[in-house]
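Visitor: Chains A and B supply the protein sequences, listed in that same order. Start counting the first sequence at 886; every next residue gets the next number (our numbering). Start counting the second sequence at 886; every next residue gets the next number (our numbering).
You may find that some hints are simply not true.
As the list claims (entries may be wrong) - Derived lysine to any residue pairs resembling SDA-like cross-links, with alpha carbons at most 20 Å apart:
1) A/K1142 - B/G978
2) A/K1142 - B/G936
3) B/K1153 - A/N1119
4) B/K1142 - A/N939
5) A/K1142 - B/Q1155
6) A/K1051 - A/D1077
7) B/K1142 - A/L1022
8) B/K1142 - A/L1165
9) B/K1142 - A/Q1132
10) A/K1142 - B/N939
11) B/K1064 - B/D1088
12) A/K1181 - A/S999
13) A/K1168 - A/L1022
14) B/K1153 - A/L1165
15) B/K995 - B/P916
16) B/K1142 - A/S999
17) B/K947 - A/A1120
18) B/K1153 - A/A1135
19) B/K1142 - A/T1136
20) A/K947 - B/A1120
What the hints assert, rightly or not - Beyond 10 Å from chain A on every Cβ pair, some chain B residues (computed):
21) E903
22) S965
23) V991
24) K1064
25) D1088
26) P1096
27) G1128
28) K1142
29) T1149
30) R1151
31) K1153
32) D1161
33) I1174
Everything labelled a hint here was simulated from the structure, so no lab data went into it. Even glycine gets a Cβ: it sits at the ideal position worked out from N, Cα and C.
2 protein chains.
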Amino acid sequence: MDNKRVVLASRPSGWVTEANFRIETAPVANPKDGEILVKNLWLSLDPYMRGRMNDTKSYAAKQEIGEVMVGGTAGEVIESKNPKFAVGDQVVGMLGWQQYGTTAGVGLNKIDASRAPMSAFLGVLGMPGVTAWVGLLEICQPKAGETVVVSAASGAVGSVVGQIAKLKGCRAVGIAGGKAKCDYVVKELGFDACIDYKAGKLDADLKAAVPNGIDCYFENVGGETLDAALRRMNAFSRIAVCGLISQYNATEPYGVKTFQSILTNRIKVQGFIVSDRMELWAKALPELIGWVASGKIKYRETVAQGIENAPKAFIGLLKGENFGKQLVKLA
Amino acid sequence: MDNKRVVLASRPSGWVTEANFRIETAPVANPKDGEILVKNLWLSLDPYMRGRMNDTKSYAAKQEIGEVMVGGTAGEVIESKNPKFAVGDQVVGMLGWQQYGTTAGVGLNKIDASRAPMSAFLGVLGMPGVTAWVGLLEICQPKAGETVVVSAASGAVGSVVGQIAKLKGCRAVGIAGGKAKCDYVVKELGFDACIDYKAGKLDADLKAAVPNGIDCYFENVGGETLDAALRRMNAFSRIAVCGLISQYNATEPYGVKTFQSILTNRIKVQGFIVSDRMELWAKALPELIGWVASGKIKYRETVAQGIENAPKAFIGLLKGENFGKQLVKLA
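Kindly generate the complete structure, drawing on both the sequences and the hints.
Guide: In structure tokens form, the structure reads like this:
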């Protein structure tokens, strides 16, 4: 049985191109004692993967050249030599950009796909959803009546941030690219307002949308968006720095001009990665499942078909071409 | 009796000049019932005053044109119509850039000048010393063996930060301007190392001085110094943003290029002002008095003579011409 997979062919300088990837076919590795074989049905594409492609220390080990690209997957156990897993178990884990994964099961979690479609466990009920929960509720800690702003508001993380903010009684304002995304954020997800940064007057539009300033800013983007938010932050406000996607392909870093707001307004800024807070997963996930099951949190997916289309879909994600959670359907 | 005082004559654009101030003489205001008259013996000059001179919202109300410049003072009660104060009491408070202050006594505190010279209660035992204590021990919370870096290391705040860090078993590294200040920081104050940013190779020198990276950064300066520190921060490190003196006279703000380190290293950044944490004063001050009395914390003062020299001394402070705490001796 063949396993089609995507490996890192070369490191990008600036924007990622399809030439940075190579699609390979290799025989499936048969599971040894203690291992299982998983057929991956869904692959998650996420901005953090861009950082792994660089030859620099990031929060995780870099991706080595020639290795299968790192990535979250959802699939089904098709062979088991590990008593903790049975054939037919549905599992999520980090099996990478490939059709099959052979693994001892470390970091693999069974899911109950009767509560939500399997793909949701890579998005709203997976790493992105828990990231939103941790960054908003643990780091920003908004109070009812406060104003929460989130960038990349229609994305897998941002869309959940704003909806939780509304559930907690906050004013939720999104920043997104394009009218269609902003309409979705306001009309379908229930945000109070959304700024289309592509309209070219981010500062003025954001100012108008936050008449009482910003108490919590959930940052996914960086660059000019960060400066615009810093200009509107209130005294004793909080910023959860979750991502800086505008910078990942930049060859010259953007210079943040309004750092002084952090002093003047006594802002708390906290960079975070959800994998540092695994102990919160057990608290966050049941809440998220409940909100999704009851329709209080909605989500949208952009689905590419087949492993060979993963590189193109990933590049689209970095450019903001996706709408909601970017997935690859593998089978 | 005449009261010589310094008022704000005009708002600076960019660098402060002596023309932004006006020296006036007016009769001393006689205390009414409930008030006291204080003869100010010492005036404290501090970087925060620059922010008050702007026509923009900062953490405190701006200074109005024509009003006496805001400032901390130490002096002696020479007339009292308030039962809480007696003639001869030595007090510190915010009576401004003037020789005499008439006040109801709100925010005025009596000092025990038998423990230390009166001027110390404006520096190491006053707002700067408590600022160092709060920023380092409450915000950065360094553990023994960690590396603490502080900018403006020979200044009123920075010198205390590094000495407390040493008392807590940390590696203390300063950044200061010029060989004389660096020699003082290492040889007299006991820091482990000091980088002279004027030597022109801040990045390389800082890298060499922190072989294990930076766990706590106490920021007084901003600009290139901040970028240099961000490049060396460790995972889960902390930054206390106390001041950004390099930016106070800038007409174009410096663009911070390494903001991404906050995400990658999951740094906590906290802007703070000691006056927000007045409840900590009662805990910090006795510790500081003990350390100063026992010689564990040393300090240095630069003293200008006479109220009419306050503007010039303040401009010197903004340019880093002072060495240690900048004071004006008023009588």
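Visitor: Evaluate each hint against the coordinates.
Guide: Verification of the supplied hints:
About 35 Å separates the Cα atoms of A/K1142 and B/G978, which puts this hinted pair outside 20 Å; it is violated. Among the hinted pairs, A/K1142 with B/G936 is consistent with the structure: their alpha-carbon atoms are about 17 Å apart, no more than 20 Å. Distance hint between B/K1153 and A/N1119 is fulfilled; the C-alpha atoms sit about 18 Å from each other, no more than 20 Å. The hinted pair formed by B/K1142 and A/N939 meets the criterion: a straight-line CA distance of about 18 Å does not exceed 20 Å.
For the hint linking A/K1142 to B/Q1155, the alpha-carbon distance of about 17 Å falls within 20 Å, and the restraint holds. As the CA atoms of A/K1051 and A/D1077 are separated by approximately 9 Å, the hinted pair is consistent with the 20 Å bound. For the hint pairing B/K1142 with A/L1022, the CA-to-CA distance comes to about 29 Å; that exceeds 20 Å, so the pair is violated. A distance of roughly 32 Å separates the Cα atoms of B/K1142 and A/L1165; the hinted pair therefore is violated under the 20 Å criterion.
Between B/K1142 and A/Q1132, the direct Cα distance comes to roughly 11 Å. Compliance with the 20 Å bound is thereby established for this hinted pair. Distance hint between A/K1142 and B/N939 is fulfilled; the C-alpha atoms sit about 18 Å from each other, no more than 20 Å. Only pairs whose Cα atoms come within 20 Å are accepted, and B/K1064 paired with B/D1088 is accepted, the gap being roughly 17 Å. At roughly 18 Å between alpha-carbon atoms, A/K1181 and A/S999 fall within 20 Å of each other, so this suggested pair holds.
Of the supplied pair hints, the one linking A/K1168 and A/L1022 holds, its CA atoms being roughly 11 Å apart against a limit of 20 Å. The suggested pairing of B/K1153 with A/L1165 holds, with an alpha-carbon distance near 19 Å, which does not exceed 20 Å. This hinted pair checks out: B/K995 and B/P916 have alpha carbons roughly 18 Å apart, not beyond 20 Å. For the hint pairing B/K1142 with A/S999, the CA-to-CA distance comes to about 47 Å; that exceeds 20 Å, so the pair is violated.
A threshold of 20 Å between alpha carbons decides the hint, and for B/K947 with A/A1120 the separation of about 16 Å falls inside it, so the pair holds. Under the criterion of a C-alpha separation no larger than 20 Å, the hint pairing B/K1153 with A/A1135 is inconsistent with the structure, at around 24 Å. A hinted pair counts as satisfied when its Cα atoms are at most 20 Å apart, and B/K1142 with A/T1136 qualifies at roughly 12 Å. Annotation: proposed proximity of A/K947 to B/A1120 holds, straight-line Cα distance about 16 Å (limit 20 Å).
At roughly 25 Å from the closest C-beta of chain A, the C-beta of B/E903 stays outside 10 Å, upholding its exclusion from the interface. With a closest Cβ-Cβ approach of about 36 Å to chain A, B/S965 is found to remain outside the 10 Å limit, as its non-interface label requires. With 10 Å as the threshold on Cβ separation, the claim that B/V991 sits away from chain A holds: the shortest Cβ distance comes to roughly 22 Å. No Cβ of chain A comes within 10 Å of the Cβ of B/K1064; the nearest lies about 29 Å off, and the non-interface call holds.
Every CB of chain A is more than 10 Å from the CB of B/D1088 (nearest about 15 Å), matching its label as outside the interface. With a least CB separation of 16 Å from chain A, B/P1096 remains clear of the 10 Å interface cut-off, as annotated. Listed as a non-interface residue, B/G1128 fails to keep its Cβ farther than 10 Å from every Cβ of chain A; the least gap is roughly 7 Å. Not every CB of chain A lies more than 10 Å from the CB of B/K1142, the least distance being 5 Å, so the non-interface label is violated.
In this structure B/T1149 is not separated from chain A by more than 10 Å, as the shortest Cβ-Cβ distance comes to only about 5 Å. With a cut of 10 Å on Cβ distances, B/R1151 falls inside the contact zone with chain A, its closest approach being about 5 Å. With a minimum CB-CB distance of about 5 Å to chain A, B/K1153 fails to clear the 10 Å threshold, and the non-interface call is violated. Some Cβ of chain A comes within 10 Å of the Cβ of B/D1161; the nearest lies about 6 Å off, and the non-interface call is violated.
Listed as outside the interface, B/I1174 is consistent with that label: its C-beta sits roughly 27 Å from the nearest C-beta of chain A, beyond the 10 Å cut-off.
The earlier numbered hints that this structure contradicts are 1, 7, 8, 16, 18, 27, 28, 29, 30, 31, 32.
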